[in-house]
Amino acid sequence: MNEMIAAKDVRFRYTPENPYAVDGASMTIRKGEFVAVLGANGCGKSTLAKHFNAILLPESGTVTVEGMDTRDESHLYDIRQTVGMVFQNPDNQIVATVVEEDVAFALENLGVPPAEIRARIDEAMQMSGIYKHREKAPHKLSGGQKQRVAIAGVIAMRPDCLVLDEATAMLDPRGREKVMETIHHLNKDFGITVVSITHYMEEAAQADRVLVMSEGHVVMEGTPKEVFSQTEKVRSLRLDVPQAAELRDELVKAGLNLPEGIITEDECAAALYELLK
Amino acid sequence: MAAIIETRHLTHIYNAGMPDATTALEDVSFAVEEGDFVGIIGSTGSGKSTLITHFNGILKPTSGQVLLDGKDIWAKGQDIRKVRFAVGLVFQYPEYQLFEETIYKDIAFGPKNMGLSEEEIDRRVRRAAAFTGLPEEYLERSPFELSGGQKRRVAIAGVLAMEPRVLVLDEPAAGLDPEGRDMILSQVKRYHKETGTTVLLVSHSMEDIAKYADKVLVMDQKKIAMYARVDKVFARADELLALGLSVPQVTKIFLKLRQMGLDLPQDVYTVPWAVKTILEAKARKEAKGEETTC
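Residue numbers (numbering that gives the first Met the number 0), protein chains in the order written: chain C, 0 to 276; chain S, 0 to 293.
Treat the hints with care, since some could be wrong.
With the Cβ distance kept under 10 Å, some of the chain S side facing chain C (calculated, not the full set) [said to hold, decoys possible]:
{"id": "1", "residue": "21"}
{"id": "2", "residue": "44"}
{"id": "3", "residue": "92"}
{"id": "4", "residue": "147"}
{"id": "5", "residue": "179"}
{"id": "6", "residue": "243"}
{"id": "7", "residue": "250"}
{"id": "8", "residue": "253"}
{"id": "9", "residue": "254"}
{"id": "10", "residue": "256"}
{"id": "11", "residue": "277"}
For lysine to aspartate or glutamate, the following EDC-like pairs were computed, each having C-alpha atoms within a straight-line distance of at most 16 Å [stated by the list, open to error]:
{"id": "12", "chain 1": "C", "residue 1": "187", "chain 2": "C", "residue 2": "159"}
{"id": "13", "chain 1": "S", "residue 1": "281", "chain 2": "C", "residue 2": "273"}
{"id": "14", "chain 1": "S", "residue 1": "192", "chain 2": "S", "residue 2": "213"}
{"id": "15", "chain 1": "C", "residue 1": "276", "chain 2": "S", "residue 2": "285"}
Quick list of the computed label-pair ranges, beta carbon to beta carbon [to be verified]:
{"id": "16", "chain 1": "S", "residue 1": "279", "chain 2": "C", "residue 2": "260", "range": "21 to 29 Å"}
{"id": "17", "chain 1": "S", "residue 1": "147", "chain 2": "C", "residue 2": "108", "range": "29 to 37 Å"}
{"id": "18", "chain 1": "S", "residue 1": "34", "chain 2": "C", "residue 2": "121", "range": "49 to 57 Å"}
{"id": "19", "chain 1": "S", "residue 1": "76", "chain 2": "C", "residue 2": "176", "range": "47 to 55 Å"}
{"id": "20", "chain 1": "C", "residue 1": "265", "chain 2": "S", "residue 2": "101", "range": "48 to 56 Å"}
{"id": "21", "chain 1": "C", "residue 1": "108", "chain 2": "S", "residue 2": "76", "range": "51 to 59 Å"}
{"id": "22", "chain 1": "C", "residue 1": "176", "chain 2": "S", "residue 2": "213", "range": "22 to 30 Å"}
{"id": "23", "chain 1": "S", "residue 1": "13", "chain 2": "C", "residue 2": "118", "range": "26 to 34 Å"}
To be clear, the hints were calculated from the coordinates, so they are not data collected in a lab.
Where is the CB? At the ideal position from N, CA and C, for every residue including glycine.
Based on the provided sequences and hints, a complete structural model is requested.
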């Protein structure tokens with residue numbers, strides 16, 4: 000079986016008086032894939048993400064994780080072991096008073112032997128770049144460092160699938176880059192499936208596949224190149240487009256001849272060099 | 000123009016004298032002129048937040064001075080409360096600080112503590128709400144019924160209602176989507192233009208700083224790395240990248256083109272400007288081409 004997560008016609012609202020936050024969303028996440036889910040605030044992306052490890056259950060439609068229906072309570076433990084979630088605000092995810100104890104929290108609850116806990120948390124802390132802070136109190140760390148503690152805690156559980164719900168929103172560019180590097184490393188070298196919910200177009204540009212949500216369902220899908228070269232459509236969904244794509248479009252409008260599908264600075268620089276050399 | 004905020008040899012050490020003493024700021028001297036819009040950037044741990052919390056006396060310098068209108072805010076006889084009314088600080092994720100029953104009461108909290116009259120408070124609440132784009136009919140609602148982005152506007156309105164002379168915002172757009180981000184930042188810009196209030200904006204986003212600020216203060220490892228007009232700072236793109244800061248993608252494209260040997264300016268940091276520069280370079284190349292064929 001090739002499917003990690005499959006959502007079919009998922010509808011969900013928080014209360015019957017509210018409109019549907021997720022409204023007919025369908026998507027398949029394949030094993031080993033790195034998928035970015037983009038969308039403006041209120042598009043339902045975070046609500047849908049919470050369905051991926053059974054924090055929320057669909058009102059209608061189905062969500063399956065490695066074939067397990069999230070509505071089947073007997074699978075709950077397995078589903079939570081399979082899909083690890085990292086949220087936006089690190090302060091809501093940290094429980095212990097020492098960094099390494101916080102990273103070890105879930106492993107202790109899972110009954111992992113102490114020697115293995117030591118090895119796994121050391122590795123996780125190194126991968127997230129917080130190893131040197133391991134004996135500090137989390138409240139003495141900056142926001143970005145705290146978020147990397149939270150990410151280390153999930154990485155230490157070695158889930159098959161990592162769902163990141165705007166997990167880098169509070170990090171500085173270098174911190175964000177480090178975290179993204181870590182996540183790509185986990186994806187490539189350990190085969191961990193990654194679903195990254197974000198509104199950072201730069202992060203989505205590094206994914207294998209991009210899904211764009213609007214009004215509770217998926218409205219665009221494809222490789223980053225396929226999605227971001229449609230600058231007008233992406234903008235109409237209240238999202239950013241890469242400046243490289245914007246620059247290319249503006250120059251074409253001004254009458255210059257430039258190839259399609261430019262989204263990275265290297266592609267843009269190469270095309271402009273051809274034009275101006 | 001006179002400096003409204005100034006630091007002189009400002010050093011701050013957390014837990015000074017303790018085994019875990021950590022220096023967060025080291026010998027920082029700079030001045031902000033009245034009416035400036037200054038962007039403050041720097042990676043996590045560079046000292047940005049420690050710096051801005053000195054401006055209204057939340058933190059006291061370990062050594063050095065913080066001056067408001069040329070007066071040391073910690074000098075004898077200075078009323079620190081007055082400093083706090085003059086310098087309004089909007090923290091990161093300010094929506095977590097909302098607590099009142101209604102949006103009106105929450106925005107009115109600051110002005111009330113300033114001892115203003117009811118009429119003046121009412122005027123200020125409505126003005127601040129209008130600036131942040133909160134409709135009148137929202138004022139009697141509970142702030143907890145609002146979306147995250149709207150809550151943040153209430154929190155910012157609460158600081159604007161104090162009508163500080165200096166408005167300091169720490170990552171006001173963090174976690175918002177592009178539309179929410181542009182809305183909040185353009186409201187801050189409009190407020191700056193219409194009232195002449197001095198604004199200090201902390202941001203991780205070079206694109207935002209490029210778009211809204213006039214001057215940039217770059218912090219690196221507890222010290223000031225650069226402090227100059229936006230175009231002068233972006234002209235040093237390679238240095239910014241070496242400090243671990245990102246520069247706008249167009250700036251990187253121009254950096255690459257220059258490395259490839261093209262003669263292009265260094266200080267391009269917005270798309271419209273990049274378009275203009277490329278079109279000019281293209282026209283120059285064609286003019287030159289005609290010369291050689293002639």
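A quick look at each hint next to the structure:
{"no.": "1", "hint": "21", "result": "holds (8 Å)"}
{"no.": "2", "hint": "44", "result": "holds (6 Å)"}
{"no.": "3", "hint": "92", "result": "holds (8 Å)"}
{"no.": "4", "hint": "147", "result": "holds (7 Å)"}
{"no.": "5", "hint": "179", "result": "holds (6 Å)"}
{"no.": "6", "hint": "243", "result": "holds (4 Å)"}
{"no.": "7", "hint": "250", "result": "holds (9 Å)"}
{"no.": "8", "hint": "253", "result": "holds (8 Å)"}
{"no.": "9", "hint": "254", "result": "holds (9 Å)"}
{"no.": "10", "hint": "256", "result": "holds (5 Å)"}
{"no.": "11", "hint": "277", "result": "holds (6 Å)"}
{"no.": "12", "hint": "187/C x 159/C", "result": "holds (12 Å)"}
{"no.": "13", "hint": "281/S x 273/C", "result": "holds (11 Å)"}
{"no.": "14", "hint": "192/S x 213/S", "result": "holds (12 Å)"}
{"no.": "15", "hint": "276/C x 285/S", "result": "holds (11 Å)"}
{"no.": "16", "hint": "279/S x 260/C: 21 to 29 Å", "result": "holds (26 Å)"}
{"no.": "17", "hint": "147/S x 108/C: 29 to 37 Å", "result": "holds (30 Å)"}
{"no.": "18", "hint": "34/S x 121/C: 49 to 57 Å", "result": "holds (52 Å)"}
{"no.": "19", "hint": "76/S x 176/C: 47 to 55 Å", "result": "holds (49 Å)"}
{"no.": "20", "hint": "265/C x 101/S: 48 to 56 Å", "result": "holds (53 Å)"}
{"no.": "21", "hint": "108/C x 76/S: 51 to 59 Å", "result": "holds (57 Å)"}
{"no.": "22", "hint": "176/C x 213/S: 22 to 30 Å", "result": "holds (28 Å)"}
{"no.": "23", "hint": "13/S x 118/C: 26 to 34 Å", "result": "holds (33 Å)"}
When the structure is compared with the earlier hints, no violation turns up for any of them.
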